[in-house]
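Given next are the chains, with one letter for each unit.
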Amino acid sequence: MARTELPAVAVEQLHVVRGGRVVIAGLSCTVRSGRITGLLGPSGSGKSTLIRAIVGVQAVAGGAVRVLGEPAGSPVLRDRVGYVTQSPSVYPGLTVAENVRFFACVLGVSLQDVDRVLEVVDLARYADTMVGRLSGGERSRVSLASALLGSPRLLVLDEPTVGLDPVLRVRLWDLFAALASEGISLLVSSHVMDEAERCDDLLLLRDGALLAEDTPAGLLERTGTDDVEAAFLALIDEGAA
Amino acid sequence: MTAVIDNPMTRSTRAELLRLRKWPAVWVTVAVWVALALMFGYLFPYLSYRTGDLSFAGDGDTRAQLLVEMLPAALPTVLVQGLPMFGGALALVLGAIVAGNGYGWGTWKTVFTQGPSRPTTVGGSLVALTIAVVGILALTLVLFTGVSLVVAGVESQAVTWPAAGALLESFGGGFLVLEMWALLGYTLGTVARGPALAVGLGLVWALVVENLLRGVGALLGPVEAVTEVLPGTAGGSLVGALIDVSANPNETPGILDVLSGGQALVTVTAYCVGLVVLVLVLVRRRDVA
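Protein sequences appear in the order of chains A and B.
Terminal number for the first sequence in our numbering: 241, no gaps in between.
Terminal number for the second sequence in our numbering: 530, no gaps in between.
It should be emphasised that the hints constitute simulated quantities derived from the structure, not laboratory data.
If you only want the chain B side, here are some residues facing chain A, beta carbon under 8 Å, derived:
(1) A256
(2) K350
(3) V352
(4) G356
Sample of chain A residues with no beta-carbon within 10 Å of chain B, all distances over it, derived:
(5) G20
(6) E119
(7) V162
(8) S181
(9) P216
Quick caveat: nothing in here was measured; it's all calculated off a predicted structure.
No residue lacks a Cβ here, since even glycine has one placed at the ideal position from N, Cα and C.
Kindly produce the complete structure, drawing on both the sequences and the hints.
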């Protein structure tokens, strides 16, 4: 008998109001397990707010968000969800290793795991370098290393490739693919449409509403376009018509 | 035993202690405190004593009295006399940067989603801050003891140690005063979600506003009643009671005799407890920006 796999994230009729403004209005979507789901949309489309609701730091006005079968923000999710914020959340006055050790202490993870995650994000040689001296991309990888500590089942990455050079971006997407192949679910937000082809599934957002939820191939086929950016524009036209 | 050592609270405390220990800003704050404390506690009095220029000894002290105040027997007084003014201000800065930087660099947001619960995480941070305050006061005591022994040696004075009870009382009272200011800074850092505004507002309050209010309070009865429960008044009065300022006039800024020792102790303790509760309620209820 075929087993129905629980989605990593299930969002039902999410409604978020911030500063008196409706930021997300009745949004529903899912993030499938063991896949890379791209959350794409222009700046201000509600990507970060949706991510904050998924990791449980956003007060919601209505709807439900379930993560790995539990309500978003549940205590049991704390060591199962890794979260990388849009701006690297690192202390510039500490070294790379000290920053990751800080999070390892908080999570109760073995300090040997610090070396492992620094290898994974290719920062082992900078372990003793003060984070304040690193480039923006390197700081992002320190944040990513902290999120990889322990054994997260879901990684939520808010614009992790912003400011990275093309070589690093490719390496990071290769890393995401490797993590997905180990069964980790990834939700990766981006406003760069050409990163969509690296994803297994796509969620297209605009003005706090979901424009499409599909695979990249399915989206191109449905809109009759050649790339995701054109598909995005076609969906806007379709909605306006 | 393992459960005691490795629970979420001790993990948060260990993480925060690691951060404080490795963070240059903390050591800069500690170094400034040590430099100021040594300067006002020993260097200036000693220069005054050696040169015979007693203008620094504004309390009408004679040279002999100045020397007595630098010997080991005076440790309980010297340890706390700098706390109401610059000690409290620096503790406030420490508390504000410990809480505020976590917001400024976005690390609280990550910790609140991945680590232990928010109250546990912040509880661990407050324990670490408290340990830092105790450590700073202990370091000060060790340094002051060393310097007072050097003064006794150089000036060929017999070494008389203070009563252990007096020293403990001084250490305990001093700890409460520093802890109150550190917690006030931590609360401001939490409210402002950043270090800069918290440090700025905190210092203006501690160094300017309270003194102005006390000045106005001397003229207006209702304002005077308010000034009696301000943190600076409570901390200054507690130190004043510890060194018995009414019997031994001490013109060090910030040392007061507005409240009795008991009233000051209760007020400072109430601030400590109230500020911890306020911080925990705030981080539990608010969004993380």
